[in-house]
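Asks: Heads up: the sequence shown begins at 1 in UniProt numbering, then just goes up one per residue.
Calculated directly from the structure, the hints in this document are not laboratory data. Each residue gets a CB set at the ideal place from its N, CA and C atoms; glycine is no exception. Keep in mind that the hints are not guaranteed to be accurate.
[To be verified] Computed spacing ranges between beta-carbons, pair by pair: (1) Glu210 x Ser257: 23 to 33 angstroms; (2) Glu54 x Leu279: 58 to 68 angstroms; (3) Glu327 x Glu195: 45 to 55 angstroms; (4) Thr332 x Val84: 36 to 46 angstroms; (5) Leu279 x Arg206: 38 to 48 angstroms; (6) Glu210 x Thr235: 39 to 49 angstroms; (7) Lys26 x Glu327: 24 to 34 angstroms; (8) Ser257 x Lys23: 55 to 65 angstroms.
[Said to hold, decoys possible] With a straight-line Cα cutoff of 30 angstroms, these simulated DSS-like cross-link-like pairs (lysine-lysine) come out: (9) Lys53 x Lys181; (10) Lys308 x Lys298; (11) Lys181 x Lys264; (12) Lys53 x Lys15; (13) Lys163 x Lys239; (14) Lys26 x Lys205; (15) Lys308 x Lys92; (16) Lys209 x Lys53; (17) Lys264 x Lys298; (18) Lys95 x Lys23; (19) Lys95 x Lys162; (20) Lys124 x Lys162; (21) Lys298 x Lys92; (22) Lys198 x Lys95; (23) Lys181 x Lys259; (24) Lys330 x Lys94; (25) Lys95 x Lys330; (26) Lys26 x Lys53; (27) Lys162 x Lys264; (28) Lys259 x Lys239.
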Amino acid sequence: MNKAKYTNRVPEDRKEVVEVIRKLKKPVKIMIIGSVDSGKTTLTVFLANELLKEGLRVGIIDSDIGQKGILPPAVISLGFPEEVFTSLDEIKAKKHYFVGTITPNQFFGEMITGVKLLVNEAIKRADVILIDTTGLVHGPGVELKRMKIEVTNPDIIIALQKKDELGNIIQPFEGKIRIFKLKISENVRIHTREERRKIRRDKWKRYFKESHEWEIDLQQINISGTLMFQGTKITEEEKNMLESLFRWIIFHGRKISNKYFVVKANIGNFPRSFDRNTLMACDFENLSNLIVGLIDRKGFCLGLGILKFINFNELKAHLMTPLNKEELEKITEIRLGRIRVREDGEELGLLPREAL
């Protein structure tokens with residue numbers, strides 16, 4: 001199931017944008033912004049196809065991490081379509097940047113870094129770079145879009161809006177960047193939360209369909225996106241003290257400056273309170289089915305894995321991934337995400353950033 005498919009039956013203002021892009025000096029960077037279900041991806045697909053017909057080389061950066069067209073979710077992806085296509089999921093990404101969740105909240109740094117790095121890559125081989133963005137345009141989304149615009153410095157911003165709801169985002173760039181304010185098409189379809197979840201479920205399932213289980217030696221690879229392996233290992237005395245105080249089984253513990261980080265399981269079901277400025281506790285079960293990024297030496301994501309469990313005694317991780325042995329040999333880092341997903345695509349929940 002895809003939210004956006006190619007059609008040239010669009011309002012005339014979209015065709016006018018194509019004419020402007022065609023005449024501009026290349027390369028051209030275009031950022032498309034709009035709220036949820038405003039038609040951003042449909043417009044991206046339309047522009048890309050019309051420009052491909054003109055013989056232009058097009059790069060597409062899909063940064064809508066929760067409603068990705070280019071597989072998989074939870075990453076920002078760069079693809080270069082070579083011929084007219086129907087939907088973004090037909091495009092095989094050349095590079096990904098790992099975010100590790102399906103919502104940009106709490107992950108502004110990753111969102112901005114990922115888009116910037118992929119723009120740098122796209123500009124090496126594309127005449128036109130189209131940047132499709134998330135629907136977060138209110139509250140903190142205003143700042144996210146501002147920073148994304150500032151670091152990528154697009155030549156054109158296309159704002160899809162009903163009235164002037166994007167004013168807080170685009171007003172600071174009036175007179176500095178060419179802005180097209182387009183009305184949302186009357187053909188745009190509103191998707192429910194459950195429909196969005198089902199779309200993601202289908203995409204997760206497709207991505208992990210050919211996965212195999214691999215054992216990874218964590219002593220031979222960098223672990224990021226977590227405090228889990230920072231600092232020094234806690235002593236046996238410290239472990240015993242924390243287990244006694246909170247009725248925990250502690251599988252793994254580190255001391256980072258004056259703060260403890262432990263991976264634990266509860267003994268008994270009763271309230272526990274502690275100062276989170278001095279102690280962080282991660283439930284062992286939250287590491288099961290956690291999405292992880294498999295990162296190469298340049299910081300790009302070669303693919304995703306589903307963490308099944310970590311053997312802390314042997315420091316080995318078991319994960320499911322569609323990557324093959326040759327691809328796995330290229331990874332230098334495993335980065336932990338904040339969403340738990342089964343191989344059948346069912347999402348098991350989001351973790352807050354501070355959970356790990």
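Asks: Taking the hints in turn, state whether each one holds.
Replies: Quick rundown of the hints versus the structure:
Between Glu210 and Ser257 the beta carbon distance is about 43 angstroms. The supplied range of 23 to 33 angstroms is therefore violated. Against the hinted window of 58 to 68 angstroms, the Cβ-Cβ separation of Glu54 and Leu279 comes to about 60 angstroms, which satisfies the hint. Against the hinted window of 45 to 55 angstroms, the Cβ-Cβ separation of Glu327 and Glu195 comes to about 33 angstroms, which falls outside the hint. Range check, Thr332 to Val84: about 37 angstroms between beta-carbon atoms, so the 36 to 46 angstroms window is met.
A hinted range of 38 to 48 angstroms for the beta carbons of Leu279 and Arg206 is consistent with their spacing of about 40 angstroms. At roughly 44 angstroms, the beta carbons of Glu210 and Thr235 sit within the given window of 39 to 49 angstroms. At roughly 33 angstroms, the beta-carbon separation of Lys26 and Glu327 lies within the given 24 to 34 angstroms, and the hint holds. Checked against the hint of 55 to 65 angstroms, the C-beta distance between Ser257 and Lys23 comes to roughly 57 angstroms, which is consistent with it.
Restraint check for Lys53 and Lys181: the C-alpha separation of about 24 angstroms stays at or below 30 angstroms, so the hint holds. About 26 angstroms separates the Cα atoms of Lys308 and Lys298, which keeps this hinted pair within 30 angstroms; it holds. Taking the CA atoms of Lys181 and Lys264, the gap is about 52 angstroms. The hint is violated against a cut of 30 angstroms. Distance hint between Lys53 and Lys15 is fulfilled; the C-alpha atoms sit about 13 angstroms from each other, no more than 30 angstroms.
At roughly 58 angstroms between alpha-carbon atoms, Lys163 and Lys239 are farther apart than 30 angstroms, so this suggested pair is violated. Taken as a hint, the Lys26 and Lys205 pair is broken in the structure, with Cα atoms around 38 angstroms apart against an allowance of 30 angstroms. Note on Lys308 and Lys92: the hinted pairing holds, with a Cα-Cα distance of about 26 angstroms set against a maximum of 30 angstroms. Distance restraint check for Lys209 and Lys53: the Cα-Cα separation of roughly 33 angstroms exceeds the 30 angstroms cut-off, and the hinted pair is therefore not satisfied.
At most 30 angstroms may separate the alpha-carbon atoms for a hinted pair to count; Lys264 and Lys298 exceed this at roughly 33 angstroms. Taking the CA atoms of Lys95 and Lys23, the gap is about 28 angstroms. The hint holds against a cut of 30 angstroms. With a C-alpha separation of about 33 angstroms, the suggested pair Lys95 and Lys162 falls outside the 30 angstroms cut-off, and the hint is violated. Proximity of Lys124 to Lys162 is assessed by CA-CA distance (about 35 angstroms); at most 30 angstroms being required, the pair is judged violated.
Proximity of Lys298 to Lys92 is assessed by CA-CA distance (about 20 angstroms); at most 30 angstroms being required, the pair is judged to hold. Restraint check for Lys198 and Lys95: satisfied, since their Cα atoms lie roughly 25 angstroms apart, inside the 30 angstroms limit. With a C-alpha separation of about 50 angstroms, the suggested pairing of Lys181 with Lys259 is violated against the 30 angstroms cut-off. Between Lys330 and Lys94, the direct Cα distance comes to roughly 15 angstroms. Compliance with the 30 angstroms bound is thereby established for this hinted pair.
Simply put, Lys95 and Lys330 have alpha-carbon atoms about 14 angstroms apart, close enough for the 30 angstroms limit, and the pair holds. Distance restraint check for Lys26 and Lys53: the Cα-Cα separation of roughly 16 angstroms lies within the 30 angstroms cut-off, and the hinted pair is therefore satisfied. Distance check on the hinted pair: Lys162 and Lys264 sit about 49 angstroms apart at the alpha-carbon level, beyond 30 angstroms; violated. Taken as a hint, the Lys259 and Lys239 pair is honoured in the structure, with Cα atoms around 13 angstroms apart against an allowance of 30 angstroms.
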